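> In the numbering used here, the protein residues as written are 1 to 205.
None of these hints come from the bench; they were simulated from the model.
In this text the structure is predicted, and so the values were computed from the model without any measurement.
There could be a bad hint or two in this list.
[Unchecked claim] Beta-carbon label-pair distances, calculated as ranges: (1) Asn146 to Leu90: 35 to 41 Å; (2) Ala196 to Thr99: 43 to 49 Å; (3) Ile72 to Phe157: 22 to 28 Å; (4) Val92 to Leu194: 24 to 30 Å; (5) Val92 to Phe163: 36 to 42 Å; (6) Gly44 to Ala83: 16 to 22 Å.
[Unchecked claim] In silico DSSO-like pairs for lysine-lysine, Cα to Cα no more than 27 Å straight-line: (7) Lys126 to Lys68; (8) Lys94 to Lys24; (9) Lys69 to Lys190; (10) Lys126 to Lys69; (11) Lys68 to Lys24; (12) Lys67 to Lys126.
We treat Cβ as the ideally placed atom computed from N, Cα and C, and that holds for glycine.
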Amino acid sequence: MKERALFFITGLLILTLGVSLIIKSGLGASSWDALAVGESNMFGLTVGTCIFINGIALIFINAFLMKKKPEILAAASILLIGALIDFWLLVVLKHYSPTVLFFQASALIAGILSMGVGVAIYLQAKFPASPMDTLMVAIHTRFGLNLRNSRIISEAFALLLAFIFQGAIGIGTFIVTLTLGFVVQYFFPKFEGLLARMSSRLSYK
């Protein structure tokens, strides 16, 4: 349990750093994060607060689609994610705003790598997934679509909302969408093996 908690916290720290770097790149964020940036600019709330509000709304939408009770633990996860994103954006990266394309692209690439590594780590904990990820499963369950098409629909829904709220949509949005899955897929088995080794050593002791 301790190893899983360690992986969960570490993964979220790295994941939210990646999200923040992508936002700071100014080249466009992933669809859900782009929506949060747009809402933040429109309503004067922090990006993390908007992510939390969106997550809570999705918890109930997912519960309705899947015809089950809302996942309360998912609310704790999205609260932590929102708080960590605000920590990175408002404290650590407060004065970091690259304007030269090379540094913007570097921030985007570093953000994608960090986000992918973070997801690969935090998924090992097998705690409730973020409501944004669960929406794909909810669409799949309710309408009988395959996961790929369910993912496309959930991302398109977020992108439409981001467009309506004048979110941070740009070339980076599409680069993140196309590449993040490959990064997660590459690192997931590596951290899966690391967690297994850590667990076996503790069991041996």
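> All hints, please: hold or fail.
We went through each hint and held it up to the structure:
Distance hint check for Asn146 and Leu90: the Cβ-Cβ separation is about 39 Å, which falls inside the suggested range of 35 to 41 Å. For Ala196 paired with Thr99, a C-beta distance near 44 Å keeps the hint of 43 to 49 Å intact. Checking the proposed 22 to 28 Å range against Ile72 and Phe157 shows it holds: the Cβ atoms sit about 24 Å from each other. Val92 and Leu194 have their C-beta atoms about 26 Å apart, which keeps the hinted 24 to 30 Å range intact.
Under the hint 36 to 42 Å, the C-beta atoms of Val92 and Phe163, about 29 Å apart, miss the expected range. As the Cβ distance of Gly44 to Ala83 is approximately 18 Å, the hint placing it in 16 to 22 Å holds. A hinted pair counts as satisfied when its Cα atoms are at most 27 Å apart, and Lys126 with Lys68 qualifies at roughly 19 Å. Straight-line distance between C-alpha atoms of Lys94 and Lys24 comes to about 9 Å, which keeps the hinted pair within the 27 Å bound.
At roughly 34 Å between alpha-carbon atoms, Lys69 and Lys190 are farther apart than 27 Å, so this suggested pair is violated. Under the criterion of a C-alpha separation no larger than 27 Å, the hint pairing Lys126 with Lys69 is consistent with the structure, at around 19 Å. Using a Cα cut-off of 27 Å, the hinted pair Lys68 and Lys24 is violated, with the two alpha carbons roughly 37 Å apart. A hinted pair counts as satisfied when its Cα atoms are at most 27 Å apart, and Lys67 with Lys126 qualifies at roughly 22 Å.
In summary, the numbered hints that this structure violates are 5, 9 and 11.
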